[in-house]
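2 protein chains.
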Amino acid sequence: MKRYADWMQQLVEALSRLPGIGKRSAERIVFYLLKSKKDEVLELSSLIRSVKENVFFCEICHNFADSKICYICSDPARDHGLICVVEDPKDVISIEKTGSFVGIYHVLLGALSALEGVGPEDIRIHDLVQRIKKDRVREVILATNPNTEGETTALYLSKLLRPLKVKVSRIARGIPVGSHIEYTDQATLSRALEDRLPV
Amino acid sequence: MKRYADWMQQLVEALSRLPGIGKRSAERIVFYLLKSKKDEVLELSSLIRSVKENVFFCEICHNFADSKICYICSDPARDHGLICVVEDPKDVISIEKTGSFVGIYHVLLGALSALEGVGPEDIRIHDLVQRIKKDRVREVILATNPNTEGETTALYLSKLLRPLKVKVSRIARGIPVGSHIEYTDQATLSRALEDRLPV
Numbered sequence: 023m024k025r026y027a028d029w030m031q032q033l034v035e036a037l038s039r040l041p042g043i044g045k046r047s048a049e050r051i052v053f054y055l056l057k058s059k060k061d062e063v064l065e066l067s068s069l070i071r072s073v074k075e076n077v078f079f080c081e082i083c084h085n086f087a088d089s090k091i092c093y094i095c096s097d098p099a100r101d102h103g104l105i106c107v108v109e110d111p112k113d114v115i116s117i118e119k120t121g122s123f124v125g126i127y128h129v130l131l132g133a134l135s136a137l138e139g140v141g142p143e144d145i146r147i148h149d150l151v152q153r154i155k156k157d158r159v160r161e162v163i164l165a166t167n168p169n170t171e172g173e174t175t176a177l178y179l180s181k182l183l184r185p186l187k188v189k190v191s192r193i194a195r196g197i198p199v200g201s202h203i204e205y206t207d208q209a210t211l212s213r214a215l216e217d218r219l220p221v
Numbered sequence: 023m024k025r026y027a028d029w030m031q032q033l034v035e036a037l038s039r040l041p042g043i044g045k046r047s048a049e050r051i052v053f054y055l056l057k058s059k060k061d062e063v064l065e066l067s068s069l070i071r072s073v074k075e076n077v078f079f080c081e082i083c084h085n086f087a088d089s090k091i092c093y094i095c096s097d098p099a100r101d102h103g104l105i106c107v108v109e110d111p112k113d114v115i116s117i118e119k120t121g122s123f124v125g126i127y128h129v130l131l132g133a134l135s136a137l138e139g140v141g142p143e144d145i146r147i148h149d150l151v152q153r154i155k156k157d158r159v160r161e162v163i164l165a166t167n168p169n170t171e172g173e174t175t176a177l178y179l180s181k182l183l184r185p186l187k188v189k190v191s192r193i194a195r196g197i198p199v200g201s202h203i204e205y206t207d208q209a210t211l212s213r214a215l216e217d218r219l220p221v
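As given, the protein sequences belong to chains L and F, one line each in that order. Taking this note's numbering, the leading residue of the first sequence gets 23, the next gets one more, and so forth. Taking this note's numbering, the leading residue of the second sequence gets 23, the next gets one more, and so forth.
Since the hints were derived computationally from the structure, they do not count as laboratory data. Some hints could be false.
[Unchecked claim] Okay, derived cross-link-like pairs now, EDC-like style, lysine to aspartate or glutamate, Cα gap no bigger than 16 Å in a straight line: (1) Lys45(L) with Asp28(L); (2) Lys57(L) with Glu109(F); (3) Lys57(F) with Glu109(L).
Computed from a predicted structure; not experimentally measured.
Could you put together the complete structure from these sequences and hints?
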């Protein structure tokens, strides 16, 4: 005896492949879709299709974009002399959410990793150097993750960019705002002490 | 400054309308879609569209179906003399998952509710009576929810069906399998004592 009709089986399986969605949530979503307005459901369907058909990488920064140049790189109000280097498009969103960065981005689409065999040629490092040489870039902020791969990538980039006479900085590592010293891990606490600033 | 590109904004909004999906999970899903194989994403898009375009109610039992008659009603291997009456298509799935019901269903698409003004004409009661009169139905199991509306509906149906000379039963209410008497609510425990069975 089968649990679902075939059409339901297929949609539940497709939905439960998405991150954070199990069989149970997929079922709830199917019933929600069945009871929703047709327009709304067709819109969702076409937005999903469109994302795959129209969204590629920005030719300048390699963030996701639905045109050749992403909305950030094509915004004249932003500071094009300030580039924030991140590993992944997700990081762009996190930084944009702070609302406190006015420059533009460069997405490496990865990080150097000896373990996983990712070298400088495998991520968008060459393009970054070209951008800095070509455009009038004043400062590069290295916002790769504060883990082994991210630190390695930041170190590699800082050495690589030194001859280009551009200011290179690294985002601060320290105890997160709102956290407790008591519960902070030792590596973070050591770094916070080391990078202390005058008040 | 906007957090997302427009295309991302739209898809995040559409996804976070689904039950159990917040902004954060919607973002994760968008990135998952961007990184997935095109075929897989287009399949999901077309399954969502198809559910809205092709799935309606079964003409016999009012369960969801992608043809005039649902896969349960059209299965000759099932016992068509045994009808299980439920409130919602979701309940059909729950009962199907037990694998222990061999009959067919009747989905009322609601329950009687004085508070919400749902009367016998508003749910599929008339159709049930017609089915019982027309087909050779031996037994009707009332599997409406064990709450006020469900009990009211079951009581109403049991009176309505009495003249039809069909066996009418109600699913057992009692303490759930695997639970503890200590933590069982009083209404359930009272019912379990009242409906005790000889061993």
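Quick rundown of the hints versus the structure:
Distance restraint check for Lys45(L) and Asp28(L): the Cα-Cα separation of roughly 15 Å lies within the 16 Å cut-off, and the hinted pair is therefore satisfied. Proximity of Lys57(L) to Glu109(F) is assessed by CA-CA distance (about 15 Å); at most 16 Å being required, the pair is judged to hold. Among the hinted pairs, Lys57(F) with Glu109(L) is consistent with the structure: their alpha-carbon atoms are about 15 Å apart, no more than 16 Å.
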